[in-house]
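Visitor: Listed below are the residues making up each chain.
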Amino acid sequence: MTYQRPNFRHPDLPQNKIGFYRKDYEGALSTLCAGCGHDSISGAIIQACYEMAIEPHRLAKLSGIGCSSKTPAYFLGNSHGFNSVHGRMPSVATGAVMANKDLLYLGVSGDGDTASIGMGQFVHAIRRNLNILYIVMNNGCYGLTKGQDSATADQGSINKSGVENSFQGIDLIGLGLELGATFLARSFSGDKSQLIPLIKAGLSHPGFALIDVISPCVTFNNNVGSTKSYDYTREHIEATGSIDLVPYKSEITHSQIDGTTQIITLHDESSIQVHKLSQDWDPTSKISAYNKMHEAKTVKEILTGLIYIDTESKDLHSVLKTSKKPLNALTESDLCPGNDALAKICAGMR
Amino acid sequence: MNPTNIQDPEYFHKVVDCQYACPAHTPVPEYIRLIAQERYTEAYMINWVSNVFPGVLGRTCDRPCEPACRRGRIEEEPVAICRLKRVAADYKGDVKSLIPGPPSIKNGKKIALIGGGPASLTVARDLAPLGYEIHLYDEQPAGGGMMRSQIPSFRLPDEVLSEEVNFILDMGIHTQFNHYVKSMKEEILPKGYDAIFVGTGAPRGKNLSDLPGRNEAAANIHIGIEWLASVAFEHTKKIGKKVLVIGGGNTAMDCCRTSRRLGGEDVRVVVRSPFNEMKASPWEIEDAQHEDIPFYNMHSPKSFVTKDGKLVGMEFEKVEAKYENGKRSLVSTGEIVFMEADDVLLAIGQENSFPWIERDLGIEFDKWETPVLNDKTYQSTVPNIFFGGDAAFGPKNVITAVAQGHHAAISIDLFCENKDIATERPSPMTNLFRQKMGIHEWSYDNNTADDKRYKVPHADKTKALKDRLLEVELGFDDQMAFKEAQRCLNCDVQTIFTTSKCIECDACVDICPTSCITFTTDGDEADLRTRLNAPANNLTQELYVSEILPTKRVMIKDENVCLHCGLCAERCPTAAWDMQKFLYNAPKACSL
Chain R
1 MTYQRPNFRH PDLPQNKIGF YRKDYEGALS TLCAGCGHDS ISGAIIQACY EMAIEPHRLA
61 KLSGIGCSSK TPAYFLGNSH GFNSVHGRMP SVATGAVMAN KDLLYLGVSG DGDTASIGMG
121 QFVHAIRRNL NILYIVMNNG CYGLTKGQDS ATADQGSINK SGVENSFQGI DLIGLGLELG
181 ATFLARSFSG DKSQLIPLIK AGLSHPGFAL IDVISPCVTF NNNVGSTKSY DYTREHIEAT
241 GSIDLVPYKS EITHSQIDGT TQIITLHDES SIQVHKLSQD WDPTSKISAY NKMHEAKTVK
301 EILTGLIYID TESKDLHSVL KTSKKPLNAL TESDLCPGND ALAKICAGMR
Chain V
1 MNPTNIQDPE YFHKVVDCQY ACPAHTPVPE YIRLIAQERY TEAYMINWVS NVFPGVLGRT
61 CDRPCEPACR RGRIEEEPVA ICRLKRVAAD YKGDVKSLIP GPPSIKNGKK IALIGGGPAS
121 LTVARDLAPL GYEIHLYDEQ PAGGGMMRSQ IPSFRLPDEV LSEEVNFILD MGIHTQFNHY
181 VKSMKEEILP KGYDAIFVGT GAPRGKNLSD LPGRNEAAAN IHIGIEWLAS VAFEHTKKIG
241 KKVLVIGGGN TAMDCCRTSR RLGGEDVRVV VRSPFNEMKA SPWEIEDAQH EDIPFYNMHS
301 PKSFVTKDGK LVGMEFEKVE AKYENGKRSL VSTGEIVFME ADDVLLAIGQ ENSFPWIERD
361 LGIEFDKWET PVLNDKTYQS TVPNIFFGGD AAFGPKNVIT AVAQGHHAAI SIDLFCENKD
421 IATERPSPMT NLFRQKMGIH EWSYDNNTAD DKRYKVPHAD KTKALKDRLL EVELGFDDQM
481 AFKEAQRCLN CDVQTIFTTS KCIECDACVD ICPTSCITFT TDGDEADLRT RLNAPANNLT
541 QELYVSEILP TKRVMIKDEN VCLHCGLCAE RCPTAAWDMQ KFLYNAPKAC SL
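Taken in sequence, the protein lines are chains R and V. For the first sequence, the working numbering gives the first residue as 1, with consecutive numbering after it. For the second sequence, the working numbering gives the first residue as 1, with consecutive numbering after it.
Watch out, some of these pointers could steer you wrong.
Not everything, but these chain V residues come out facing chain R in the computed CB check (under 10 Å) [unchecked claim]:
no.	residue
1	Asn447
2	Ala449
3	Cys505
4	Ala507
5	Val509
6	Asp510
7	Ile511
8	Thr514
9	Ser515
10	Ala536
11	Asn537
12	Asn538
13	Asn560
14	Cys565
15	Arg571
Honestly, the hints are just simulated from the structure, not real lab data. Don't be surprised by glycine CBs; every beta carbon is placed ideally from N, CA and C.
All chains, full assembly: derive it from the sequences and hints.
Guide: Shown next, in the form of structure tokens:
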């Protein structure tokens with residue numbers, strides 16, 4: 001960890017379109033280990049929110065417990081935040097999303113917080129298509145308790161003390177596909193050029209967007225034999241393609257479109273441009289996503305990029321047909337319209 | 001791009017902007033750190049070794065280091081380097097024991113120095129400890145040259161100057177003061193010196209000799225530098241109530257401020273050029289304005305007006321500046337302005353003058369009457385005669401004269417040793433020291449202070465204007481000096497990158513406060529500059545490029561606004577980044 005960070009920034013950095021500098025999206029100084037992948041993900045979140053010109057007070061970040069769940073302290077210092085109980089972030093997020101549908105929600109969790117103690121909560125958040133971007137900072141170990149194998153550690157991966165993991169690892173993307181998640185992506189903390197557009201797309205997606213980010217634990221799981229180390233990930237990474245988020249009303253220039261480009265229009269008429277690296281993959285097809293994932297698994301490759309997106313996604317509020325006005329903004333007169341209104345309703349039921 | 005060759009001492013030298021900009025290449029951050037640690041004597045000695053006159057320069061330097069200071073690119077103002085140098089001089093302990101005395105063994109060579117200013121004294125300082133017998137000639141009653149005659153005492157007290165001049169003279173220099181050398185041929189050459197150094201400055205002040213009324217009014221028209229010398233040596237003690245100072249350089253500022261102290265009540269500076277193009281240093285203009293001296297810009301002298309054979313004023317023609325192809329011309333507006341004056345001081349530039357050097361000695365002069373010299377060795381067309389300071393390439397400043405003195409001393413030493421003065425010159429001494437003390441501990445203070453530049457306190461104006469000898473600037477006290485020193489970014493503590501250790505985790509990219517570091521695919525410099533994490537538009541600052549990394553990318557660091565805070569190295573899990581202090585000592589004839 002580092003104690004102090006100078007207050008000066010590069011004097012020529014531009015403002016975004018709402019007049020904020022990148023610095024306005026930063027948080028406190030990280031206390032994670034030097035070289036932790038999580039810090040890179042924090043950096044990617046800062047950059048994505050700066051580029052999207054999100055007003056910091058329009059976003060709420062939520063987390064559970066763990067190294068990953070500490071990171072909301074290190075980005076978006078001017079946004080709302082809730083550091084909840086271990087594995088219980090989805091419940092808190094559900095409450096928050098239900099109460100105020102007008103905010104953007106960013107859930108940050110780790111492999112322990114999601115795939116072990118929080119699994120019961122995680123799957124229901126997916127099932128309900130809660131409108132949240134859920135980032136898993138996945139390092140395959142319990143870094144905060146000195147690196148025991150976690151539930152996402154791959155079978156055969158060797159930990160720092162030289163012991164091979166004999167259990168099957170949980171594939172969060174595979175699980176998400178089974179549960180009907182509407183936005184699934186995998187990325188790598190060491191590849192911001194892929195991660196930043198995915199975060200932007202995930203924040204724009206109406207519904208549950210899961211990004212499983214391989215984030216090496218530089219202290220406890222970056223050894224030879226680990227399948228979540230920087231070196232192993234770089235050697236075995238395979239990208240489905242790269243994407244760009246094109247905001248609503250921006251012109252898609254012709255030069256960006258070629259035979260390998262697919263344009264996916266989102267609900268708000270912004271779109272995701274997918275530059276495909278393989279022809280036999282269609283990010284809007286679940287079957288294509290299954291096939292691609294299993295192929296990669298067979299040849300021990302780590303498939304990254306946007307893996308599946310449901311363009312017809314309906315989030316929890318749409319499913320429940322809640323009022324347009326956020327529930328927390330409803331006043332007593334909205335909720336209790338009075339005797340006349342009651343009389344009218346009663347009359348309609350005669 | 002080719003990977004940066006950090007073995008080349010000039011690469012990191014260039015990163016230390018202040019030191020690089022200094023003609024004498026004084027290791028600025030090194031002495032600023034010592035000041036912050038209250039180690040004033042050591043800070044002084046680092047300066048003394050490099051620039052010979054820390055007390056003088058700490059008050060009067062033209063400070064090319066300050067516009068170069070990296071801090072000025074990060075916030076509004078650079079570190080007050082010059083005034084920190086003065087702190088080292090003001091608070092130093094006994095340095096006499098650290099300064100070499102006369103050498104006990106002589107080398108049998110005799111050197112003549114003509115002129116006793118900063119260039120000559122630097123040559124003396126560099127050569128005397130090596131055993132040279134040095135004879136110094138000067139027309140003034142004491143050493144220091146223009147530092148004594150032209151810089152007024154309210155900017156540079158006599159005791160400060162004399163102390164530093166005497167450090168050198170006490171090395172056993174044979175001085176011939178009050179001795180104006182009238183003839184090189186008759187007075188100097190017959191004495192058989194092994195080498196002769198000419199450091200006679202630029203002693204001739206320009207004159208408006210063609211202006212109408214010049215001769216009639218001559219009694220009240222004074223050449224600025226001569227008048228300043230006359231004041232310094234107490235031949236002139238007063239001036240009229242209404243004074244016009246013609247010219248916009250530093251000499252004009254000294255003239256007008258001195259006039260205010262000798263009885264001038266309505267003292268005006270009249271300049272042809274626009275205010276923002278005046279040659280004087282901004283801080284000297286500021287000090288003059290503070291003493292209620294108005295500036296009349298865009299006024300071109302037209303005539304001296306006399307009445308009964310005595311000066312009563314001057315006529316000026318108002319001009320306007322026109323710019324064409326970046327060149328300025330001053331065009332008359334036709335408007336004539338009269339200003340009353342009891343005395344006029346001309347400070348419109350000065351030039352070299354060598355009436356005492358016979359033109360049949362083999363010393364070639366060009367059409368501007370300046371000597372033909374080698375610009376690295378300062379050797380003239382006569383192999384054992386060297387020039388330096390303003391005498392060499394025209395008027396510059398004290399620190400340039402010192403730097404030229406160092407170069408000339410090297411040449412003289414090599415010449416006397418029968419070595420090749422062009423090819424056998426010594427290299428700079430450079431060194432890199434690792435700064436790591438612990439996990440987050442460096443042997444330098446790596447945190448960056450937010451403080452704005454501190455202003456040097458001034459003496460009370462009414463008191464200062466009554467006493468020509470009262471120093472106006474009071475200097476920083478130790479507390480202010482500490483705070484100002486903390487503004488230094490320690491640009492000499494270099495970020496060293498080892499490609500083979502990097503695991504490309506991006507930690508340095510994420511932590512760098514000023515977004516200096518980028519990992520991307522290689523390209524040529526122009527292309528790379530467009531693809532960095534922050535704009536890299538300052539082409540005078542280098543890009544530090546690594547070898548190709550395992551992902552086929554390269555690490556690129558734009559040196560421009562690096563805070564040298566060390567966070568990249570603190571955040572690096574594999575110590576691929578390291579902070580190492582780079583020390584660069586410019587070559588000198590004598591290593592002190």
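Visitor: It remains to establish, for every hint, whether it holds in the given structure.
Guide: Results for each hint:
Restraint check, asparagine 447 of chain V versus chain R: the minimum CB separation of about 5 Å is within 10 Å; hint holds. The beta carbon of alanine 449 of chain V comes within 9 Å of a beta carbon in chain R, closer than 10 Å, and the hint placing it at the interface holds. A distance limit of 10 Å between C-beta atoms decides the matter here; for cysteine 505 of chain V the minimum to chain R is near 4 Å, and the interface restraint holds. Hint on alanine 507 of chain V holds. Least Cβ distance to chain R is approximately 5 Å, under the 10 Å limit.
Interface restraint check for valine 509 of chain V: the shortest CB-CB distance to chain R comes to about 7 Å, inside 10 Å, so the restraint holds. The interface hint given for aspartate 510 of chain V is met, as the beta carbon of that residue sits about 4 Å from the closest beta carbon of chain R, less than 10 Å. A distance limit of 10 Å between C-beta atoms decides the matter here; for isoleucine 511 of chain V the minimum to chain R is near 7 Å, and the interface restraint holds. Because the beta carbon of threonine 514 of chain V sits about 4 Å from the nearest beta carbon in chain R, less than 10 Å, this interface hint is met.
Here the hint on serine 515 of chain V is kept, as its CB sits about 5 Å from the closest CB of chain R, short of 10 Å. The closest approach between the C-beta of alanine 536 of chain V and any C-beta of chain R is roughly 9 Å, which is under the 10 Å cut-off, so the hint is satisfied. A cut of 10 Å between beta carbons decides the hint on asparagine 537 of chain V: the least distance to chain R is about 7 Å, and the hint holds. For asparagine 538 of chain V, the shortest C-beta to C-beta distance to chain R is roughly 9 Å, which falls under 10 Å, so the interface hint holds.
Taken as an interface hint, asparagine 560 of chain V checks out: its beta carbon lies about 8 Å from the nearest beta carbon of chain R, inside 10 Å. Interface restraint check: cysteine 565 of chain V against chain R, minimum CB-CB distance 5 Å, threshold 10 Å, status holds. A least Cβ separation of about 5 Å between arginine 571 of chain V and chain R falls short of the 10 Å threshold, and the interface hint therefore holds.
Checked against the numbered hints above, the structure breaks none of them.
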